[in-house]
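**Q** If you want the building blocks of each chain, they are given just below.
Number of protein chains: 2
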Amino acid sequence: MDTITLTNPIDMHIHLRQDSLLQAVLPYSASCFSAVLAMPNLNPPLLNTQSVLAYKEKIMMECDFEKAYNIILPHINNQNPQANLLNIQQHFVPIMSLYVHDNLTLAEIQKAKTSGIKILKLYPKGATTNAENGMSEVLTPNFLTLLEEAQRLGMILSIHGESNGFSMDREREFLFIFEELAKSFPTLKIIIEHLSDRHSIEMVHKYPNLFGTITLHHLLLTLDDVIGGKLNPFMFCKPVVKTPKDREAILEVALSGDSKFSFGSDSAPHTIEAKMNGAAGIFNAPILLQALCSLFDKHKKIENLQDFVSCNALQIYDISLPFVKHVILQKKPFVFGRQISTQVGDIEVFMGNEILDYCIADIRTEVA
Amino acid sequence: MDTITLTNPIDMHIHLRQDSLLQAVLPYSASCFSAVLAMPNLNPPLLNTQSVLAYKEKIMMECDFEKAYNIILPHINNQNPQANLLNIQQHFVPIMSLYVHDNLTLAEIQKAKTSGIKILKLYPKGATTNAENGMSEVLTPNFLTLLEEAQRLGMILSIHGESNGFSMDREREFLFIFEELAKSFPTLKIIIEHLSDRHSIEMVHKYPNLFGTITLHHLLLTLDDVIGGKLNPFMFCKPVVKTPKDREAILEVALSGDSKFSFGSDSAPHTIEAKMNGAAGIFNAPILLQALCSLFDKHKKIENLQDFVSCNALQIYDISLPFVKHVILQKKPFVFGRQISTQVGDIEVFMGNEILDYCIADIRTEVA
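Chains A and B are the protein sequences, given in the same order. Mapping of the first sequence onto full-length UniProt numbering: position 184 corresponds to residue 184, and the numbering continues sequentially without gaps. Mapping of the second sequence onto full-length UniProt numbering: position 126 corresponds to residue 126, and the numbering continues sequentially without gaps.
Calculated directly from the structure, the hints in this document are not laboratory data. All of these numbers come straight from a predicted model, not from anything done at the bench. Take the hints with a grain of salt, since some may be wrong.
You can't tell identical chains apart in this list, so a pair holds if it fits in one copy or across any two.
To be verified - Lysine to aspartate or glutamate pairs mimicking DMTMM-like chemistry, simulated, CA-CA at most 25 Å apart:
hint: 1; residue 1: LYS230; residue 2: ASP169
hint: 2; residue 1: LYS113; residue 2: GLU273
hint: 3; residue 1: LYS230; residue 2: GLU137
hint: 4; residue 1: LYS230; residue 2: ASP19
hint: 5; residue 1: LYS125; residue 2: GLU149
hint: 6; residue 1: LYS230; residue 2: GLU173
hint: 7; residue 1: LYS245; residue 2: ASP225
hint: 8; residue 1: LYS125; residue 2: ASP224
hint: 9; residue 1: LYS183; residue 2: GLU348
hint: 10; residue 1: LYS118; residue 2: GLU108
hint: 11; residue 1: LYS230; residue 2: GLU132
hint: 12; residue 1: LYS58; residue 2: ASP19
Sequences are here, hints too, so could you generate the full structure?
**A** Written as structure tokens, this is what we have:
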């Protein structure tokens with residue numbers, strides 16, 4: 001049997017949403033990933049430590065693992081999965097992030113760090129879903145003072161880096177800010193989130209304290225998948241998928257297992273109605289590991305997937321987990337939508353109707 | 001009263017569709033334009049002279065001018081419009097075009113010309129709506145033989161020029177075919193339709209027998225209007241609107257009244273349902289002259305609009321009309337959708353909710 005075991009898969013960028021949406025999407029991540037970085041752009045956004053901690057509690061309360069595994073059970077290819085499920089305990093860590101905004105204070109940053117929140121997430125104002133409270137300007141004296149402290153505290157700055165220019169140039173136009181920050185705060189780790197432009201890769205390589213996260217869809221799609229034939233709202237996300245050259249460069253760096261890049265799905269569930277109304281975001285949580293295995297295997301780089309989907313993140317973000325989760329994938333055609341539907345609730349699943357080369361065969365956990 | 005009179009406005013690229021859609025959209029063009037070039041990409045496409053002539057007859061049968069003027073009456077700003085309507089006779093000429101396909105024969109081209117059809121419309125296979133029967137390859141010996149004859153007969157070749165490459169590069173990648181054809185057939189007039197890429201302007205200027213048509217929306221929009229904020233299917237068309245640089249270049253050449261470029265709206269009605277399913281095309285027929293006046297006036301180039309919207313086409317396509325239609329526009333805020341709805345039937349009108357600076361004040365016709 002042709003299998004691959006991924007140990008402690010980590011998703012360093014995910015939108016888990018709230019309430020019924022949280023309930024619907026969490027099982028897919030909680031079952032197959034050991035840790036996820038939960039984005040703070042809720043409505044309202046998580047502007048202080050208190051709201052981040054309250055959100056973390058909600059996520060943990062929704063972590064009903066029996067339910068989670070029952071939901072993903074139809075997608076597990078194993079004749080006797082119950083036997084494995086018995087071994088599964090609460091093995092899922094949501095890593096939290098604080099939404100950076102114009103009124104953020106030094107005291108709030110210190111409080112966050114003390115409370116175990118070490119990731120600051122910066123959105124430029126209006127750049128994406130619920131980014132209305134984002135920063136209108138990044139390089140302000142006040143914010144630079146905060147970053148000085150964040151650096152001292154060993155925090156990490158994750159940035160949705162887009163200018164307000166022409167959509168295809170936005171990420172590239174924002175790079176000078178990354179450069180400025182990387183030079184000004186040489187021991188602050190700074191992440192270029194959901195990298196979509198090949199120029200960002202060069203920038204990450206230029207500074208030791210710059211890193212990147214990469215989504216599945218930026219490895220697979222170009223703008224042609226959105227506008228090349230009929231308009232396809234389900235391939236629409238921010239930053240928008242770009243040119244074939246960009247995709248090739250991002251794919252190459254991910255396949256290489258380059259230690260400066262970790263996997264972050266940017267799984268962003270929106271109802272079909274919201275998608276038809278133009279919302280940006282791709283919901284890919286249910287098929288991530290299957291699709292990543294298929295992709296890396298197709299390119300004969302499966303040996304680098306463990307780095308891309310786990311080890312790099314553990315190192316960059318200095319994550320330690322008190323357990324080990326093994327996800328065993330088997331080379332066998334898998335179509336998510338074939339079991340029940342290509343939807344999870346009112347949300348269309350990315351690649352939900354496509355044949356993937358790998359399916360999940362088992363999930364096993366043990367104490368670290 | 002601040003008015004401008006446009007004489008014999010001509011729309012050198014329009015989709016009039018069939019049946020109920022034809023009935024719904026024709027009044028807007030028939031009332032305000034003296035002539036239009038009707039596109040042959042119907043379903044099924046107009047692959048021979050007979051079907052083109054049958055389509056022309058259908059259009060003429062639908063030209064109920066009383067109905068047409070009654071439909072546009074609410075959009076005319078005139079206290080006593082009836083007085084003018086009495087003067088209006090049948091003053092509308094649909095210019096027809098033959099769909100170029102792989103099985104087109106020399107005899108069919110000759111027959112078309114004899115029947116008064118002098119425009120050949122070429123679509124690359126699959127480039128846009130109903131282009132499945134388009135040419136899989138352009139520069140074939142067989143087609144070049146046909147073009148030799150078309151040149152001899154004084155016909156005109158209109159091309160939807162897009163490669164099957166990356167969407168933002170498709171028009172530029174097709175230009176070498178225009179160059180090849182322009183050189184091979186120096187007295188054949190060749191039109192780059194609905195120009196969307198600034199490189200096409202250079203190409204038109206390079207060869208005396210190359211010309212271009214320009215839409216309203218390519219003068220106004222960039223890709224950002226489709227994907228820059230929320231996804232907006234109503235701004236989606238083929239060729240897709242491109243970069244700010246492209247728009248600026250196209251706008252500049254249109255505003256200059258450059259004699260090698262004529263107006264062609266590419267008004268392409270699709271039901272809202274079809275648009276939500278990703279159909280490419282913008283329906284702008286009801287607001288064309290109002291929006292063009294507003295745009296040219298805003299840029300202080302209103303004196304060149306007559307050339308752009310009429311004289312250039314008369315000369316390039318060698319059109320003579322047995323009547324003169326004057327459309328009098330008045331500088332007064334106009335919102336199409338304010339009267340009844342932003343829709344015509346099930347079709348959303350481009351800019352239907354926007355305030356335009358000009359409205360139509362009167363339409364008068366006389367014998368040439």
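**Q** For a quick check of understanding: which of the numbered hints are violated here, in increasing order?
**A** When the structure is compared with the hints, numbers 2 and 9 turn out to be violated.
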